[in-house]
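Trainee: Below are the chains, spelled out letter by letter.
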Amino acid sequence: MTLTTIALQNLRRRKGRTAFLLFTFVLVSAIIVCLQALAVNLQADLQKSLTQYGANVIITPRSEHLALSYGGLAVPGLSYEIKTLDNSVLDIVTRNSGSGIQTRAPKVIGKINFQDKSLLVVGVDFASELKMKPWWKINGKQPQAREIVAGATVAKQNSLAAGSTMNLNGLSYSVAGIMQETGGSEDNVIFTDIPTARVLTENTDSWSMIELNSLRPDQTVLRLSELLPAAKVEAVSQLVQGTQESVDRFRNYALFASLILVLIGILIVAVTVTANVNNRAPEIGVFRAIGFRKEHILGLFLREILLLSLSGSIAGYVLGAIAPPLFGHLIFAKSFTFHLFPGLALLTIGASLLLASVAVAFPAWRAASLDSTEALRCI
Amino acid sequence: MSLIKVANVNKVLGNGDATVEVLKGINLNVAAGEFLALVGPSGSGKSTLLSILGGLNPPSKGTVLIDDIDVYSLSQERRADFRHEYIGFVFQQYHLIPYLTALENVMLPLAITALPAKHQKEKAHDVLKKVGLGDKRSRLPNQLSGGEQNRVAIARSIINEPPLIFADEPTGSLDSKTATELLELFQTLNRNGLTIIMVTHNKDNLDWVSRTICIRDGRLIDPPQVA
Ligand SMILES: Nc1ncnc2c1ncn2[C@@H]1O[C@H](COP(=O)(O)OP(=O)(O)O)[C@@H](O)[C@H]1O
Ligand SMILES: [Mg+2]
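Sequence lines, in order, name chains A and B.
The C-terminal position of the first sequence is numbered 413 in the working numbering, with every residue numbered one higher than the one before it.
The C-terminal position of the second sequence is numbered 328 in the working numbering, with every residue numbered one higher than the one before it.
Just chain A, same shape as in the assembly (with noise of 0.2 Å):
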């Protein structure tokens, strides 16, 4: 028999006591974590509906012209012939991500000539241009160099498809594909990747504007305003914006709640610890006519409420984090998927752990130190 055997079949032995702490256990750990599984959920509804509304924050070159409009496309405050933005630029943007940009869009976009007509070409980078159009479907493949894809009406006049070629420039570029239509200016403009549009519209040095995706678009536009003053930082109003928030503010009060309930689990665990270790002066007096120590009364008590506050919290864990994604939907209309937080798993039975400790420090300590005829006195 060891200490732990002792503290086992008291807990074993006293269901009453063991149900009500390990309960108060579960329940504050399963509250903290469902509540952290709700915010992360909420969080990454928020981020999906934000990409997928595409660009909120629009970098453009600083003029005193009036928005230009060339061959149907509108592109607010550019004028591409006269000012650009300066390579430096998106340098600037990468290093300050920090107001929540979640992806960049560069763009170089000129003006060519086709078939005695004017034709807008528009370099990006299809990768985080897709992440924030995804309505965006090519019929084809993306383009590489010396390839360019055709919005849908630039591809119906001049009778384009995957696999013919264009002469831009003097120079033969194959169609990789052609996109679908959007209903929008991409329809009246050809796409190419980046180094491509550079060569078309001889600009080595420059972009002609920067669509970036900002969880919060009103920090983003006050900082990058700052740091950017010959350019125009705008937000693009949308209908999700202020949602960030939201969330935030879900995330604080969820905060304020675990705290809360912490608080009110020790004040149970103490009072209840002190409140048995005060019943159990004759048997700590035993304890110590025996001869054992004051480290081996602390030991078993906590030792006991270790074992209850692991069990315990670890049941409590795995409860908060199976009830979003099992009932969720029940309440929330809305499906949540399950995530692991083993950061979280290991602060909730951490703290579990040590503010269970120290609950029943005191009273235990206090109650080994009794005088052994004290805690006699009644035997």
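What the hints contain is simulated information worked out from the structure, not anything from laboratory work.
Careful: at least some of the hints might be erroneous.
[Unchecked claim] In the BS3-like style, the derived pairs of lysine-lysine whose C-alpha atoms are separated by at most 27 Å in a straight line are:
no.: 1; chain 1: B; residue 1: Lys237; chain 2: A; residue 2: Lys328
no.: 2; chain 1: B; residue 1: Lys219; chain 2: B; residue 2: Lys231
no.: 3; chain 1: B; residue 1: Lys219; chain 2: B; residue 2: Lys237
no.: 4; chain 1: B; residue 1: Lys125; chain 2: A; residue 2: Lys49
no.: 5; chain 1: A; residue 1: Lys49; chain 2: B; residue 2: Lys222
no.: 6; chain 1: A; residue 1: Lys328; chain 2: B; residue 2: Lys231
no.: 7; chain 1: B; residue 1: Lys304; chain 2: B; residue 2: Lys224
no.: 8; chain 1: B; residue 1: Lys224; chain 2: B; residue 2: Lys237
no.: 9; chain 1: B; residue 1: Lys304; chain 2: B; residue 2: Lys106
no.: 10; chain 1: B; residue 1: Lys278; chain 2: B; residue 2: Lys231
no.: 11; chain 1: A; residue 1: Lys151; chain 2: A; residue 2: Lys190
no.: 12; chain 1: A; residue 1: Lys328; chain 2: B; residue 2: Lys162
no.: 13; chain 1: A; residue 1: Lys175; chain 2: A; residue 2: Lys190
no.: 14; chain 1: B; residue 1: Lys125; chain 2: B; residue 2: Lys162
no.: 15; chain 1: B; residue 1: Lys230; chain 2: B; residue 2: Lys162
With chain A's structure known, arrange chain B with the ligands on it following the hints.
Mentor: Quick look at chain B with the ligands alone, frame taken from chain A:
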């Protein structure tokens, strides 16, 4: 050679104006192998003296030497170790741990030793058999009769093989037949070398002991005058 030497022990209890001098100048020597009865009226200080002898309760004045160790010069924790090594207690209410079985209660003093679990069990089972409870080792205290609980308490007090047993009115709540069985057990243990000090109320018990000392109003009365 005395195993226990008590010199000029005084004990004042209570605080402020309400102090009581419970023990007044106790001097007592107990030789190894004695079976001593401590008798006296209720409230005369028997339990207090026993707890002082047992290293549970520091005297207000005086010294207690056991095996030439000045018990109260030891720190509290060293005194706990000392009790573990030297003394087995049998309390009046037996004070078994309610959530431990008979066997586990008997093993209790071994829980803070390095003895492997298997040997602990064997040893506890042997001792339980010795007190006649080999078949009831898995019972909880509330499933045992008073006499059985008493024997578990005795088994617990001797498992660690201490040289001394202190028992406070061990027969107090037993019928005479069970009480006799207990005294027989004590006598056997005593014949095997244990020194036993037993507080008792019952005159019949005095036939079993090797010496009787009497306490009245906190003083030892010598020679014993138990009327
Ligand atoms: N904490 C205390 N404060 C004051 N008096 C006490 C205290 N504990 C015991 N006493 C008194 O000390 C005396 C001796 O008690 P005790 O040793 O228990 O006697 P016995 O065991 O002989 O009946 C009694 O009169 C009792 O009332
Ligand atoms: Mg008494």
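Trainee: Take the hints in turn and mark each one as holding or not.
Mentor: Now for the hints, and whether the structure bears them out:
no.	hint	result
1	B:Lys237 to A:Lys328	violated, 31 Å
2	B:Lys219 to B:Lys231	holds, 19 Å
3	B:Lys219 to B:Lys237	holds, 19 Å
4	B:Lys125 to A:Lys49	violated, 48 Å
5	A:Lys49 to B:Lys222	holds, 25 Å
6	A:Lys328 to B:Lys231	violated, 31 Å
7	B:Lys304 to B:Lys224	violated, 35 Å
8	B:Lys224 to B:Lys237	holds, 15 Å
9	B:Lys304 to B:Lys106	holds, 26 Å
10	B:Lys278 to B:Lys231	holds, 18 Å
11	A:Lys151 to A:Lys190	holds, 15 Å
12	A:Lys328 to B:Lys162	holds, 25 Å
13	A:Lys175 to A:Lys190	holds, 18 Å
14	B:Lys125 to B:Lys162	holds, 9 Å
15	B:Lys230 to B:Lys162	violated, 42 Å
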